[in-house]
Amino acid sequence: MIALFTDFGLAGPYTGQVVAVLQQNAPNVPVVSLFADAPTARPKPATYLLAAYAAWFSAGTVLLCVVDPGVGGERRAVVVEADGRLYVGPDNGLFDIVMRRAAGSRLWDITWQPGPLTPSFHGRDLFAPVAARLANGGPIESLAKPAGDLSASRNWPDDLAEIVYIDHYGNAMTGLRGTIVPPEARLVAAGHSLAFARTFSAVPAGAAFWYVNSNGLVEIAANGARADAVLQLAIGSEIAIEV
Amino acid sequence: MIALFTDFGLAGPYTGQVVAVLQQNAPNVPVVSLFADAPTARPKPATYLLAAYAAWFSAGTVLLCVVDPGVGGERRAVVVEADGRLYVGPDNGLFDIVMRRAAGSRLWDITWQPGPLTPSFHGRDLFAPVAARLANGGPIESLAKPAGDLSASRNWPDDLAEIVYIDHYGNAMTGLRGTIVPPEARLVAAGHSLAFARTFSAVPAGAAFWYVNSNGLVEIAANGARADAVLQLAIGSEIAIEV
Amino acid sequence: MIALFTDFGLAGPYTGQVVAVLQQNAPNVPVVSLFADAPTARPKPATYLLAAYAAWFSAGTVLLCVVDPGVGGERRAVVVEADGRLYVGPDNGLFDIVMRRAAGSRLWDITWQPGPLTPSFHGRDLFAPVAARLANGGPIESLAKPAGDLSASRNWPDDLAEIVYIDHYGNAMTGLRGTIVPPEARLVAAGHSLAFARTFSAVPAGAAFWYVNSNGLVEIAANGARADAVLQLAIGSEIAIEV
Numbered sequence: 001m002i003a004l005f006t007d008f009g010l011a012g013p014y015t016g017q018v019v020a021v022l023q024q025n026a027p028n029v030p031v032v033s034l035f036a037d038a039p040t041a042r043p044k045p046a047t048y049l050l051a052a053y054a055a056w057f058s059a060g061t062v063l064l065c066v067v068d069p070g071v072g073g074e075r076r077a078v079v080v081e082a083d084g085r086l087y088v089g090p091d092n093g094l095f096d097i098v099m100r101r102a103a104g105s106r107l108w109d110i111t112w113q114p115g116p117l118t119p120s121f122h123g124r125d126l127f128a129p130v131a132a133r134l135a136n137g138g139p140i141e142s143l144a145k146p147a148g149d150l151s152a153s154r155n156w157p158d159d160l161a162e163i164v165y166i167d168h169y170g171n172a173m174t175g176l177r178g179t180i181v182p183p184e185a186r187l188v189a190a191g192h193s194l195a196f197a198r199t200f201s202a203v204p205a206g207a208a209f210w211y212v213n214s215n216g217l218v219e220i221a222a223n224g225a226r227a228d229a230v231l232q233l234a235i236g237s238e239i240a241i242e243v
Numbered sequence: 001m002i003a004l005f006t007d008f009g010l011a012g013p014y015t016g017q018v019v020a021v022l023q024q025n026a027p028n029v030p031v032v033s034l035f036a037d038a039p040t041a042r043p044k045p046a047t048y049l050l051a052a053y054a055a056w057f058s059a060g061t062v063l064l065c066v067v068d069p070g071v072g073g074e075r076r077a078v079v080v081e082a083d084g085r086l087y088v089g090p091d092n093g094l095f096d097i098v099m100r101r102a103a104g105s106r107l108w109d110i111t112w113q114p115g116p117l118t119p120s121f122h123g124r125d126l127f128a129p130v131a132a133r134l135a136n137g138g139p140i141e142s143l144a145k146p147a148g149d150l151s152a153s154r155n156w157p158d159d160l161a162e163i164v165y166i167d168h169y170g171n172a173m174t175g176l177r178g179t180i181v182p183p184e185a186r187l188v189a190a191g192h193s194l195a196f197a198r199t200f201s202a203v204p205a206g207a208a209f210w211y212v213n214s215n216g217l218v219e220i221a222a223n224g225a226r227a228d229a230v231l232q233l234a235i236g237s238e239i240a241i242e243v
Numbered sequence: 001m002i003a004l005f006t007d008f009g010l011a012g013p014y015t016g017q018v019v020a021v022l023q024q025n026a027p028n029v030p031v032v033s034l035f036a037d038a039p040t041a042r043p044k045p046a047t048y049l050l051a052a053y054a055a056w057f058s059a060g061t062v063l064l065c066v067v068d069p070g071v072g073g074e075r076r077a078v079v080v081e082a083d084g085r086l087y088v089g090p091d092n093g094l095f096d097i098v099m100r101r102a103a104g105s106r107l108w109d110i111t112w113q114p115g116p117l118t119p120s121f122h123g124r125d126l127f128a129p130v131a132a133r134l135a136n137g138g139p140i141e142s143l144a145k146p147a148g149d150l151s152a153s154r155n156w157p158d159d160l161a162e163i164v165y166i167d168h169y170g171n172a173m174t175g176l177r178g179t180i181v182p183p184e185a186r187l188v189a190a191g192h193s194l195a196f197a198r199t200f201s202a203v204p205a206g207a208a209f210w211y212v213n214s215n216g217l218v219e220i221a222a223n224g225a226r227a228d229a230v231l232q233l234a235i236g237s238e239i240a241i242e243v
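Quick mapping for you: the protein sequence lines, in order, are chains S, Z and L.
Using our numbering, the first residue of the first sequence is number 1, and each one after it goes up by one.
Using our numbering, the first residue of the second sequence is number 1, and each one after it goes up by one.
Using our numbering, the first residue of the third sequence is number 1, and each one after it goes up by one.
Keep in mind that the hints were calculated from the coordinates and are not lab data.
Any given hint could be a false lead.
Claimed, not checked - To be clear about the criterion: a stretch of chain S counts as covered by chain L if any three or more of its residues have a C-beta under 8 Å from a C-beta of chain L, and this derived list gives those stretches:
1. 1–13
2. 18–32
3. 68–79
4. 109–120
Even glycine gets a Cβ: it sits at the ideal position worked out from N, Cα and C.
Based on the provided sequences and hints, a complete structural model is requested.
Right under this line is the structure:
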């Protein structure tokens with residue numbers, strides 16, 4: 001299976017063209033769009049989101065990951081193997097947290113070259129063909145060469161106390177794993193202090209709370225309302241933990 | 001075929017994870033997303049929308065239906081067979097109108113249990129695996145046990161004189177079937193009195209009207225404009241019929 | 001492969017129903033959504049967008065194209081063959097630029113008739129079944145009859161100096177091909193004069209510029225910002241070229 005993690009959107013041409021390339025190069029491999037609205041051009045929140053959601057997929061999955069504000073510039077194009085999953089995309093921090101949390105990981109620089117490579121759409125022209133070849137079982141050595149480390153030391157924390165994603169319901173995911181925040185802790189977001197609840201129906205209508213979402217991230221929600229609107233949250237909003 | 005009727009949105013992780021589960025459990029069954037923007041957390045308008053659109057699918061279709069504000073609480077998880085189609089989802093009113101209109105219907109309580117079941121995402125962890133097994137032809141008796149009735153008598157009307165959905169163009173669907181409203185009737189919505197027209201091009205540019213949409217629901221539209229903006233309509237807006 | 005070019009949106013019922021029809025009639029043909037947010041009900045900008053993006057697909061692709069404000073009225077339903085690709089949709093200008101630019105093209109009027117044909121959804125009831133049959137290799141003569149010309153002479157220019165699409169990032173595509181605008185030219189949009197840059201990372205953060213996008217259209221963008229918001233651009237905004 002190939003899973004897409006991008007900031008391309010679904011309605012416009014980008015995801016469709018990428019899927020067309022995958023379909024032509026790996027016709028028997030199913031493709032699912034995991035996120036088409038990852039944080040636009042922001043690898044820092046995106047890496048925490050990716051690390052939480054990629055772990056849900058079984059080993060052998062190829063994750064095509066494109067949040068790539070530096071496309072066409074100098075940033076490297078890489079393949080990461082981490083805990084049996086393969087990641088294809090830009091080296092701009094997007095894979096930092098996946099690699100840091102993996103029991104084992106390896107890094108390659110992509111050497112495969114497409115025919116035409118437009119400077120603004122490496123997702124379609126470079127990363128998708130490489131992902132398709134990997135999903136077909138093509139040997140990674142024919143596509144990339146071993147590399148030592150990611151290009152920079154970004155010093156990002158193990159968990160990010162910020163909002164990293166606002167979902168369709170207005171729920172605000174943080175970059176904090178639920179395992180590091182005790183249920184008795186309160187979260188302070190935009191001046192509001194929030195208690196833990198296990199489910200939406202456990203709090204009064206309209207009330208905001210925090211819980212651990214279905215992929216293990218601490219998430220701020222409101223019962224029957226949009227937490228992002230009620231609490232004025234956006235990607236990048238800082239969160240404090242009060243134990 | 002499996003058809004999805006949810007309030008999950010498409011761009012974020014929910015639909016993608018559900019599709020991944022379906023793909024893994026029923027790899028040869030095509031999946032289509034019918035609605036990913038069903039009325040958020042509102043089973044009442046959703047049941048009228050579902051009843052109108054499900055009828056378009058052929059017998060044998062499995063409809064995975066998740067508009068589920070009570071997820072993680074006490075509401076039952078059910079399978080409905082109605083007119084040869086199978087529906088999987090929560091017992092919160094979402095299937096009331098489908099069952100009421102069916103020539104024949106049966107109800108089961110889901111007994112199948114997943115490995116991990118997160119309290120906030122039964123769509124992925126419970127309903128999708130059951131839907132996939134049914135679509136594979138798995139016997140329903142291995143997944144669910146016969147049940148008598150839906151859990152509550154909600155006393156919802158046979159047709160709902162409210163807006164139940166605003167589409168991509170700003171057209172406002174009602175919960176009224178076209179068969180019960182004569183063409184000479186006027187609809188009153190947000191203080192505007194609207195006449196029937198057969199097609200958009202039959203009225204002047206900018207004019208609002210009502211017609212019977214391609215799935216049999218009475219719908220309010222405007223030629224070359226968004227009816228929801230022109231008339232200030234939202235899901236839940238009440239409609240009066242003047243004959 | 002069947003590629004969809006529509007203004008249907010993805011989340012609501014329209015694309016899903018069309019995909020269901022394609023799946024039932026051409027189960028082995030992959031379907032990709034190229035645009036589900038083509039300019040709503042506006043064939044003029046849409047034809048420049050379609051011509052640029054359709055050219056990216058290989059010969060043999062069937063493009064199902066529905067931007068159809070006159071649905072249910074008198075406009076013809078056609079099949080176009082242009083440079084080895086097949087296009088199915090309404091004759092309202094949507095195919096004008098594709099045909100004008102093709103080395104060779106042919107036109108047919110659709111004669112195939114569905115069972116039920118709702119007046120508001122020819123995409124599902126008429127165009128999708130025809131597209132599926134063509135994708136299956138069905139002879140076009142069984143579906144349509146040769147026609148002379150498109151129904152009207154619309155006198156649209158070879159390239160359109162207007163915004164024809166705003167993408168997910170806020171980038172504004174024009175109807176101008178990059179091959180006709182020299183890199184030293186400046187574009188004037190909504191009172192702003194913009195220089196060429198090759199990539200986003202070549203200009204300062206927040207700065208607006210123009211470039212040639214991955215499908216050959218002149219596009220206005222801003223580094224790390226939404227060009228549509230910064231420059232107040234919308235579909236139809238006029239562009240001037242200063243050489």
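Coverage of the segment 109–120 of chain S by chain L, judged on three or more residues with CB within 8 Å: It holds, with 3 qualifying residues against the three required.
Chain L over the segment 18–32 of chain S, status - at least 3 residues with CB closer than 8 Å: holds (count 5)
Proximity test - 8 Å, beta-carbon atoms, the segment 68–79 of chain S to chain L, at least three hits: That given contact holds, which follows from 5 residues of the segment 68–79 of chain S lying within Cβ reach (below 8 Å) of chain L.
Residues of the segment 1–13 of chain S with Cβ under 8 Å from chain L, three needed, outcome: Coverage by chain L holds here, the residue count being 7 at a Cβ distance below 8 Å.
When the structure is compared with the earlier hints, no violation turns up for any of them.
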